[in-house]
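S.K.: Each chain, letter by letter, is given below.
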Amino acid sequence: MRKQIGQSIVGFIILFPIVFLLILSFGKQWFYPHILPNLWQTSQWESLFSPSFQLTKSLGLSLLLSISVGLVSTVTAFYFSKKIAYSYNKTTWLSLAYVPYLLSPIIFAVLIHFYFLKTGLSGSLLGVIIAQFLICFPFGIIICSTFWTAQIQSLENLSSTLGGSSTQTLKRVLLPLAKSTLLLCFFQCFLISWFEYGLTHFIGAGKVKTLTVSVFSYVNEANPFLAALAGFLLILPSVLLLLANKKLIFKTSNKRPDYE
Amino acid sequence: MISIKQIISWKTALFILMLLPMMLGLGYGLLYSFGVIGLLNTGFTTEHWSDVLLNFNFWKSLLFSFGIGLISVGISLVIALWMVVNWHHDLRKGKLSTLIYLPLAFPATVVGFFIFQSFSKTGFWSRLLYQTGVISEIEDFPSLVNDAYGIGIILASTFIITPFLSLILKGIFENEDVTRFQHIAKSLGASQRQVLVKITLPILLQKAKTSLLLFLIFVIGSYEIPLLLGRQNPKMITVAIVDKAQRFNLDDIPQAYAMAIVYVLFLLFLFFGFQRLAKLKTKAYA
Amino acid sequence: MKNLLVLFASSLLFISCQSSSETKPLNLDDYTWKDIKAEGQAQEMTMMMWKGDPKINVYMQEYIKPKLLKKHNIDLTIVDGQGNYIVQMLMAELQAGANTSEIDLMWINGETFYQLRQIDALFGPWTSKLPNASNIDFENPFIGKDFQQAIDGYEMPWGNVQMTLIYNQDKIQQPPQTRAELLSFVKEHPGKFTWNNHFTGLTFMKALLMDIAGGAEVLKGEFNEDLYAKYSDELWIYLNQLKPYLWRQGEVFPENVAQMHQLFANGELLFTMSNNDAEVDNKVEEGLFKKSSRAYVPEFGSIQNSHYLGISKLSKKKLSAMLVVNELISEENQLEKMKPSVWGDGTVLQVSKLDSVFQKKFNSIAQRHYAPPREDIQKKALPELAPEYMIRLAEDFKKNLID
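Each protein sequence line maps, in turn, to chains A, B and C.
Numbers 1 to 260, taken from UniProt numbering, label the letters of the first sequence in order.
Numbers 1 to 286, taken from UniProt numbering, label the letters of the second sequence in order.
Numbers 1 to 403, taken from UniProt numbering, label the letters of the third sequence in order.
Warning: the hint list may mix true and false statements.
Calculated from the model, a selection of chain B residues having no Cβ within reach of chain C, i.e. all distances over 12 angstroms [stated by the list, open to error]:
no.: 1; residue: L40
no.: 2; residue: L54
no.: 3; residue: I138
no.: 4; residue: T210
no.: 5; residue: G273
Facing chain B, according to a computed beta carbon distance under 8 angstroms, are these residues of chain A, among others [claimed, not checked]:
no.: 6; residue: P37
no.: 7; residue: N38
no.: 8; residue: L39
no.: 9; residue: L96
no.: 10; residue: V99
no.: 11; residue: I106
no.: 12; residue: L134
no.: 13; residue: L177
no.: 14; residue: K179
no.: 15; residue: L182
no.: 16; residue: G231
no.: 17; residue: V239
Straight line, CA to CA, 27 angstroms or less: simulated BS3-like cross-link-like pairs of lysine-lysine [unchecked claim]:
no.: 18; chain 1: B; residue 1: K281; chain 2: A; residue 2: K118
no.: 19; chain 1: B; residue 1: K198; chain 2: A; residue 2: K3
no.: 20; chain 1: C; residue 1: K37; chain 2: A; residue 2: K57
no.: 21; chain 1: B; residue 1: K281; chain 2: A; residue 2: K90
no.: 22; chain 1: A; residue 1: K179; chain 2: B; residue 2: K11
no.: 23; chain 1: C; residue 1: K316; chain 2: C; residue 2: K291
Everything labelled a hint here was simulated from the structure, so no lab data went into it.
Even for Gly, the Cβ is constructed at its ideal location relative to N, Cα and C.
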């Protein structure tokens with residue numbers, strides 16, 4: 001009984017924000033002390049279907065950005081994680097991979113902004129992709145490193161002893177085995193990019209209007225209703241991913257790299 | 001055809017991608033903070049550094065961020081441990097096992113916005129209490145956002161971390177086969193309390209310590225949440241740095257770089273210092 | 001490892017030797033307006049402005065933007081940013097030796113203009129090239145001078161506003177008119193008054209400073225350290241008297257006007273303020289404020305100032321920017337902007353210079369319902385002070401009140 005109450009409370013805490021955002025996204029006016037908005041509207045949701053609506057553009061842009069960052073980071077991370085796994089300084093490289101994560105992305109942005117200005121990348125989508133990639137792919141290396149166990153390494157050896165070329169080994173042996181790791185890495189990087197605000201705003205110079213940037217600009221406009229709608233769109237893809245397969249978002253295995 | 005491999009080794013490539021940007025950033029910040037470069041700087045000076053290092057508010061911000069981090073991780077740890085110890089069956093199967101993943105879908109921006117809209121003086125809870133007659137005016141509702149103690153920031157950070165931590169602890173619980181150890185201890189006559197204190201908690205904490213450190217660093221470095229829920233004083237360190245860089249007074253910009261460098265050094269020290277410590281300890285036991 | 005260090009060192013070297021690949025500066029003497037029109041059209045360009053007001057955003061996005069596209073085939077992107085953000089950004093670009101700017105056109109005034117001139121980030125002089133500039137009321141000191149500074153052709157007036165306080169007449173019958181009344185009012189209603197931590201709040205404090213100094217004349221002209229020290233000391237004494245009775249005991253101030261408006265709308269505050277005298281009308285119409293909301297200017301007066309448009313020095317689209325500005329100051333667009341239902345921004349045109357049709361239109365703009373008529377508050381209008389006053393107030397406010 002006590003357990004049920006406890007779990008209901010946890011359930012409420014988790015579900016309430018989603019419901020709250022959804023309700024607020026239909027609001028038009030919300031005077032104190034009304035518990036729910038005193039005026040409602042559906043026009044915000046309707047305008048979402050018009051391609052000229054800012055939020056619709058932001059949704060598309062965020063998808064493009066995060067998918068690109070996810071893909072590039074995963075490929076790069078997979079390549080380097082293999083090199084690291086076979087190298088002598090494995091532990092050093094892996095602990096160095098934590099460093100970009102250690103710096104908060106916003107501080108990283110403050111420090112490297114100069115170079116983005118210098119190269120003309122500041123304020124462009126490409127610039128934001130590169131900046132986010134620099135944060136994401138070391139994190140991807142940490143995830144991918146869990147794949148290169150002794151067993152995988154000996155399988156790879158076996159394949160080449162049996163005469164398989166390195167491309168064949170990659171295609172026929174490694175990639176199929178690595179599929180779940182690669183997916184996990186992709187979605188993790190996708191989400192880091194999808195959730196990022198400080199660095200995106202700084203490097204994007206306000207021109208790259210992702211969904212997170214939109215939430216902040218609606219908050220600054222004192223428009224909680226559009227902010228709620230943007231917020232709801234932000235949680236949507238990850239909720240869908242979770243429902244599809246929660247293992248894609250977060251894996252709790254003991255195969256986390258041990259660099260101690 | 002010449003491949004990239006032949007031109008540069010993978011180590012150089014990885015160095016360029018992973019470490020060089022940060023080092024260049026720090027290098028630029030260093031030169032700027034010492035007045036060597038920068039539009040309004042006039043030449044080498046240590047003035048900006050002494051301004052920063054002697055500034056009480058800077059240290060206060062750093063300490064404030066650290067404190068908020070410790071408290072948030074501490075609360076999350078207690079909740080997560082409690083859930084894993086008591087509910088590990090439900091976390092593996094059933095509704096709770098899916099629900100617990102859901103907060104992972106919430107970006108900090110959205111959590112910050114949600115906490116603001118629900119916990120501010122005119123937010124959802126204040127309205128609910130007003131309607132039910134618990135409070136009679138807005139002022140009766142406590143300040144939970146933009147407050148002096150960072151309550152709003154702690155609420156939001158805890159909301160984000162706890163599910164992650166629960167899942168990590170749950171993973172450890174299963175992988176380390178804690179149930180088996182619990183059974184053995186019990187059959188040897190250990191009490192419920194003894195099993196918890198001597199078996200369960202030590203195993204979970206030992207395995208989770210690096211994760212805990214990373215969460216601490218995550219909270220210290222968070223930006224969106226204090227931006228929405230913090231206030232002008234005391235200010236979280238990330239917000240203080242960005243604020244300094246974008247102040248009215250252009251002469252303050254070198255100070256922003258000096259602050260950023262101290263902040264980075266602080267975190268590197270925290271992380272690698274801890275690693276070193278953990279290593280020594282492990283050796284001592286061995 | 002050695003190689004890596006060499007790489008790092010050479011990259012650092014790359015910073016210090018900044019290539020100055022300056023392209024030939026644009027000389028406006030070579031261009032007639034016709035040339036500017038021909039070369040400036042059919043471009044994409046970026047304007048940076050404060051986007052904290054939905055009505056203003058709608059005017060720019062849905063009225064101006066399509067018009068520019070149709071008339072000049074200019075595709076205008078509007079991005080959010082103001083004041084110190086703009087300065088910091090353009091300064092970073094100059095430092096990096098960037099060969100183009102993120103921002104072509106920007107909404108600025110006062111201390112931003114001052115700082116941009118200080119770092120030489122503005123293009124100019126250019127304003128006299130625009131045909132529509134002839135209608136601008138440069139003679140008006142509230143328009144022709146920006147924070148006591150000569151414009152010198154480096155920025156174009158765009159709109160003119162006066163600061164007001166906003167209250168709810170159902171809750172307050174007699175709003176405070178003097179400093180003493182304000183103090184006793186705030187003491188009687190603790191926790192219900194504050195100002196924001198940005199432009200609007202600073203503008204409010206400047207009006208108090210002028211009142212303490214005994215009128216606008218005293219602080220006129222260039223920044224005077226002695227006068228500032230003398231009167232600002234009194235200001236901090238006064239504000240510290242208010243502090244314990246302010247919202248949140250004066251330990252925290254709203255970050256922006258939008259937040260302050262929300263606090264007012266929800267009844268957490270009895271007053272909000274606006275740098276735009278017509279804003280109360282907009283906000284009532286939007287549904288944020290109740291219909292019983294009113295704007296007023298206390299006896300001690302409030303600052304009237306103008307906002308301007310500047311072009312960045314590194315912009316590659318300077319001619320397009322000039323075309324856009326010429327549109328923004330056209331009779332038609334100024335008229336639309338002045339309508340209380342649109343933005344309510346005062347015009348910078350000298351209406352008596354316009355043809356009779358437009359004179360009539362300007363004079364018959366729908367009256368504001370919730371704000372007093374412009375002529376009434378004009379009497380209590382205070383001129384802006386030199387920009388250093390604002391910069392110093394911002395710093396010292398943090399020091400003396402917040403920290």
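S.K.: A separate judgement is required for each hint: does it hold in the structure or not?
M.R.: Verification of the supplied hints:
| no. | hint | verdict |
| --- | --- | --- |
| 1 | L40 | violated (7 angstroms) |
| 2 | L54 | holds (14 angstroms) |
| 3 | I138 | violated (5 angstroms) |
| 4 | T210 | holds (27 angstroms) |
| 5 | G273 | holds (23 angstroms) |
| 6 | P37 | violated (11 angstroms) |
| 7 | N38 | violated (11 angstroms) |
| 8 | L39 | violated (15 angstroms) |
| 9 | L96 | holds (7 angstroms) |
| 10 | V99 | holds (7 angstroms) |
| 11 | I106 | holds (4 angstroms) |
| 12 | L134 | holds (5 angstroms) |
| 13 | L177 | violated (21 angstroms) |
| 14 | K179 | violated (21 angstroms) |
| 15 | L182 | violated (19 angstroms) |
| 16 | G231 | holds (4 angstroms) |
| 17 | V239 | holds (5 angstroms) |
| 18 | K281(B) - K118(A) | violated (46 angstroms) |
| 19 | K198(B) - K3(A) | holds (24 angstroms) |
| 20 | K37(C) - K57(A) | violated (31 angstroms) |
| 21 | K281(B) - K90(A) | holds (21 angstroms) |
| 22 | K179(A) - K11(B) | holds (25 angstroms) |
| 23 | K316(C) - K291(C) | violated (47 angstroms) |
The structure fails hints 1, 3, 6, 7, 8, 13, 14, 15, 18, 20 and 23 (numbered hints given earlier, in ascending order).
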